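Engineer: Residue strings, one per chain:
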Amino acid sequence: MAMFGGAYNTIAFDAAKCDGCGDCMTACATAKTGTVDQSRSRIQIVGSEHDGFELALCRQCGDPKCVTVCPAAALTKNGDSGVIEWNASKCVDCLLCTVGCAYAGIALDAGSGHVAKCDTCDGAPACVPACPHQALTYITTSRIYNEVGDWEDLFAPGLAGCQGCNTELLMRHTLRRVGPETVLATPPGCVPGMGSVGFNGTTGTKVPVFHPLLTNTAAMLAGIKRQYRRVGREVNALAIAGDGGASDVGFQSLSGAAERNEQILFMVVDNEGYMNTGMQRSSCTPYGAWTSTTPIGKGSGGMPSQGKTQDAKNLPLIMVNHRCEYVATASTAYMQDLYDKLDKAIQASKRGFAYLHVYSPCTTGWRFPTDQNMEVARKAVETNFVMLWEYNPKDGLEFTRPVDDPLPVTEYLKAMGRFRHLSPDQISHIQGKVVENLAFVKQMAHRQSA
Amino acid sequence: MEHTKYLVVGSSHAALEAVTAIRMHDAKGSLTLLTRDPHLPYSPTVLPYVVSGRSSPDGIFLRDEKFFADNRVQLKRGTALKALHVERNAAELADGSEIAYEKILLATGASPAIPPIPGIDTVSYHVLRTLDDATKLNAAIKQSKQAVVLGAGLVGMHAAENLVKVGAGVTVVEMAKQLTDGYFDATAAALIEKAFTDNGATILTGSRVVKLAPSSKGVTLTLENGTTLEADLLLVATGVRPNMAYLNGSGQLVLHDKGILVSDSMQTSVANVWAAGDCAQAKGFFTDSKVMNAILPDATEQGRIAGMAMAGDPGLKTYPGGVPLNTYHFFGRHAISVGSSKVPEGAEVVTRFDEASGRYLKAIFKDGCLLGIYGVNEFFDAGVMCQLILRRIDLSAVKQRFLAEPMKVGREIMSKTWR
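These protein sequences, in sequence, are chains Y and G. My numbering puts the first sequence at residues 319 to 768. My numbering puts the second sequence at residues 137 to 555.
The reader is advised that the hints may include incorrect statements.
Covered stretches of chain Y (in silico footprint by chain G; criterion: 3 or more residues with CB under 8 Å from a CB of chain G, positions within the stretch not fixed) [what the hints assert, rightly or not]: (1) 366-379; (2) 409-421; (3) 638-646.
When the alpha-carbon atoms are kept at most 30 Å apart in a straight line, the in silico BS3-like pairs for lysine-lysine are as follows [said to hold, decoys possible]: (4) Y:Lys408 - Y:Lys395; (5) G:Lys544 - Y:Lys350; (6) Y:Lys395 - G:Lys202; (7) Y:Lys732 - Y:Lys662; (8) G:Lys453 - Y:Lys395; (9) G:Lys330 - Y:Lys408; (10) G:Lys281 - Y:Lys408; (11) G:Lys394 - G:Lys218; (12) G:Lys301 - G:Lys330; (13) G:Lys141 - Y:Lys408; (14) Y:Lys395 - G:Lys394; (15) G:Lys218 - G:Lys202; (16) G:Lys212 - Y:Lys395; (17) Y:Lys335 - G:Lys218; (18) Y:Lys408 - G:Lys272; (19) Y:Lys395 - G:Lys141; (20) Y:Lys408 - G:Lys278; (21) Y:Lys350 - G:Lys552; (22) G:Lys202 - Y:Lys408; (23) G:Lys552 - Y:Lys395; (24) Y:Lys335 - G:Lys544; (25) Y:Lys408 - G:Lys301; (26) G:Lys347 - G:Lys272; (27) G:Lys394 - G:Lys330; (28) G:Lys502 - G:Lys419; (29) Y:Lys408 - G:Lys212; (30) Y:Lys732 - G:Lys552; (31) Y:Lys395 - G:Lys544.
Covered stretches of chain G (chain Y as the covering partner; in silico rule of three or more C-beta atoms under 8 Å from a C-beta of chain Y) [unchecked claim]: (32) 193-201; (33) 466-472.
Rather than coming from a laboratory, the hints here were simulated on the basis of the structure. These numbers were taken from a predicted model, which means no experiment stands behind them. Note that CB positions come from ideal geometry on N, CA and C, so glycine has one too.
Could you put the whole structure together from the sequences, leaning on the hints where they help?
Structural biologist: Pasting the structure below:
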């Protein structure tokens, strides 16, 4: 038995997309038995139109009971692939594995007289492409866990972020990926606030880091990159800035560097406000949100105060209009997508200006429980409140995770306290903006690719 | 004296699960596994297949030397526990040496129970509990023309089938009124019996051997009704008895009845002594009293719980109580039993039998919840059924559908309830 610890690829099922057509079962039966007998498929769709469809399929458990109860050593967990493998020559057909499994993941195949279970078709499961509704996907995100885990964490341990901080996760992942040949700029905001620039004369990073002004981050970083290039040294020039430092007072420097196509990677951690200094509004704060400068109360002059009264600026779309080498939006709830974009952004930054805008929920400033960060980030995408796309001058703008059937925006709004006060009118304004923004980006995607 | 933090006695399912559970929580504490068996770990359950020749004796091992090395487990094979000295936390081995332990798990399993039939000590007979028993029996059945199996439990029936398949004349003698008593009901037993008689075996249920004597062929058996049987091969498979003879001296402080009495975390009456598997007597799921539930799935569960408790793993969930679970494969057919075979007051029994296909299903319900389900040639997911029982899921609303298609409806409930 292997000692477990790695992550594995897996077949994922989205019940909402399944209509019970059974094509996956036909594909499995064909691949595994050479028949179209769905009862012999190792993936079994159960349920009904009325109750919704669900799945009986081997989960390739990390602590597999089928393996522990097999008296014949015929089942083993493959430590490399994660698949629980069945050895036909050792199996004695005793069916005890079906006693051990509580998920009907291994069952008698009457056609062969032996038990049968999913082996993921050696990493190319036949059921997945057979699904006409993309209800089945083969998730390969385990790469991030297995590979990234081995990369060096270039931030010091013990950063002083809030409990449940998304930004810490984001900056550690990013710096691991960008690697040690990096110069890092962190303008005022949460990133230096939690310790990137260090304490008492030592930095919080294992790479050179500096603390520019809010106003000149992109300009300073561009200058440093040019100097390194002049002396013939290849480095990644990376800025991790907040939305305030990028969209408000830092914008002219950012826009200028993009216009000059400086070879830098500018990452914006968009937590929709000046969270480090006490949660003031920024131009990226969405309409209706509570901040310390857009409070909730009686207001003055008979005008009640009900959060921010303007809509957010769409900074990544503005950056697209600089025709940068690469522009993308990302979310830590979609790590595979984020990593794909990070890889592309690093490559693009060797040619010119690359811009990555990461939507980053803030447990303290947005008022939600510290264990809910991923859930809030995911809801933002599932409601189309934010959209994940990428742009380059050659291919134009493309959605990377289109949401076909978005949840109502209230599913996102009610996940946090900063929208608790919203009136029905405000909610319908926000829902309207979601629809409008989606149509706008869609139009742009269409135009660019046409 | 040798000293170890954890001493695990036994090397089958309960012991191995305990080792894994201990190592999950305590990667470093010294761990010694002691077994009377000279071989690497194997399951007694696989032995009928070694007898038949289907399993190769060197292909059945559940762990290899590397596993023990990788997990820093000192493996002592061929060394039985002779006496437990709980007053000084020491295990005395058969060779007279002693190992001092901080915590000990008794997963010593069981041995064949030999019935006190007059003359039994004058004849040679086989039993089947160890790999050496199995290889001996494997050689013997090839020579046998006329065999008698005492006891129609699963071990006896497996051996009888193997004997039938090599062409021996086989007679099974069973005291109870039906074969596989305690595993399957009368209808299922009749189906199993028919499969055997169709293949030429003789089944004598409700029969008792009163005398055994050596003969020119091998053994002469005299039955209660006066008839005699001749056998060139005699297999005694009349049940098993927990191994706990080492509980002599101060070991008597470890309280035992039919087996070693354990709590819901497999702890015995002595605080640093645990027991699991076929030698343990733990709470039953259907009764508050402590029962023997000597089946493989329960051994793994008990072993894991004992290991977690010994290592102080805070993730430990206590034992829910033993649920009887058995599968039996015979002449290409299968029988599955999950749950209680007893029908308590107010319970409802539903059966369905299709004589043409030999498909038989029986289910016992009480207050809408499933207590037990049995099938012959009717496959359902036993693990799913067991969860329906353990979780006491009310099936009232789907009962008719469930009885018609237990596999399908069980999976539907699984996918919505504990996925």
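Engineer: Hint by hint, note whether the structure agrees.
Structural biologist: Hints, verified against the model:
Proximity of the region 366-379 of chain Y to chain G, defined as three or more residues with a beta carbon under 8 Å from a beta carbon of that chain, is established by the 4 residues found. Coverage of the region 409-421 of chain Y by chain G holds. Counting CB-CB distances below 8 Å, 11 residues qualify, and the rule asks for three or more. Residue count for the region 638-646 of chain Y with a Cβ under 8 Å from a Cβ of chain G: 0. That is fewer than the three needed, and the coverage hint is violated. Under the criterion of a C-alpha separation no larger than 30 Å, the hint pairing Y:Lys408 with Y:Lys395 is consistent with the structure, at around 15 Å.
Between G:Lys544 and Y:Lys350 the alpha-carbon distance is near 21 Å, which keeps this suggested pair within the 30 Å criterion. Taking the CA atoms of Y:Lys395 and G:Lys202, the gap is near 16 Å; set against the 30 Å cutoff, the hint holds. Distance check on the hinted pair: Y:Lys732 and Y:Lys662 sit about 34 Å apart at the alpha-carbon level, beyond 30 Å; violated. With a C-alpha separation of about 24 Å, the suggested pairing of G:Lys453 with Y:Lys395 holds against the 30 Å cut-off.
Of the supplied pair hints, the one linking G:Lys330 and Y:Lys408 holds, its CA atoms being roughly 29 Å apart against a limit of 30 Å. Straight-line distance between C-alpha atoms of G:Lys281 and Y:Lys408 comes to about 29 Å, which keeps the hinted pair within the 30 Å bound. With a C-alpha separation of about 19 Å, the suggested pair G:Lys394 and G:Lys218 falls inside the 30 Å cut-off, and the hint holds. Pair hint G:Lys301 plus G:Lys330 holds up; C-alpha atoms about 16 Å apart against a cutoff of 30 Å.
Between G:Lys141 and Y:Lys408, the direct Cα distance comes to roughly 35 Å. Violation of the 30 Å bound is thereby established for this hinted pair. Distance check on the hinted pair: Y:Lys395 and G:Lys394 sit about 36 Å apart at the alpha-carbon level, beyond 30 Å; violated. Straight-line distance between C-alpha atoms of G:Lys218 and G:Lys202 comes to about 28 Å, which keeps the hinted pair within the 30 Å bound. Proximity of G:Lys212 to Y:Lys395 is assessed by CA-CA distance (about 26 Å); at most 30 Å being required, the pair is judged to hold.
For a cut-off of 30 Å, the pair hint linking Y:Lys335 to G:Lys218 is broken: about 62 Å separates their Cα positions. Distance restraint check for Y:Lys408 and G:Lys272: the Cα-Cα separation of roughly 20 Å lies within the 30 Å cut-off, and the hinted pair is therefore satisfied. The straight-line distance between the Cα atoms of Y:Lys395 and G:Lys141 is roughly 29 Å, inside the 30 Å bound, and the hint therefore holds. At most 30 Å may separate the alpha-carbon atoms for a hinted pair to count; Y:Lys408 and G:Lys278 meet this at roughly 22 Å.
Restraint check for Y:Lys350 and G:Lys552: the C-alpha separation of about 27 Å stays at or below 30 Å, so the hint holds. With a C-alpha separation of about 20 Å, the suggested pair G:Lys202 and Y:Lys408 falls inside the 30 Å cut-off, and the hint holds. A threshold of 30 Å between alpha carbons decides the hint, and for G:Lys552 with Y:Lys395 the separation of about 26 Å falls inside it, so the pair holds. For a cut-off of 30 Å, the pair hint linking Y:Lys335 to G:Lys544 stands: about 21 Å separates their Cα positions.
Taking the CA atoms of Y:Lys408 and G:Lys301, the gap is about 20 Å. The hint holds against a cut of 30 Å. A threshold of 30 Å between alpha carbons decides the hint, and for G:Lys347 with G:Lys272 the separation of about 25 Å falls inside it, so the pair holds. Distance check on the hinted pair: G:Lys394 and G:Lys330 sit about 34 Å apart at the alpha-carbon level, beyond 30 Å; violated. Distance hint between G:Lys502 and G:Lys419 is fulfilled; the C-alpha atoms sit about 20 Å from each other, no more than 30 Å.
This hinted pair checks out: Y:Lys408 and G:Lys212 have alpha carbons roughly 26 Å apart, not beyond 30 Å. Restraint check: the Cα-Cα separation between Y:Lys732 and G:Lys552 comes to about 26 Å, which is no more than 30 Å; the hinted pair holds. Restraint check for Y:Lys395 and G:Lys544: satisfied, since their Cα atoms lie roughly 27 Å apart, inside the 30 Å limit. Residues of the region 193-201 of chain G lying with their CB closer than 8 Å to a CB of chain Y number 5, which satisfies the three-residue condition for coverage.
Counting residues of the region 466-472 of chain G whose C-beta sits closer than 8 Å to any C-beta of chain Y gives 3, which meets the bar of three, so the coverage hint holds.
Violation of the numbered hints given earlier is confined to hints 3, 7, 13, 14, 17 and 27; the remaining hints are satisfied by the structure.
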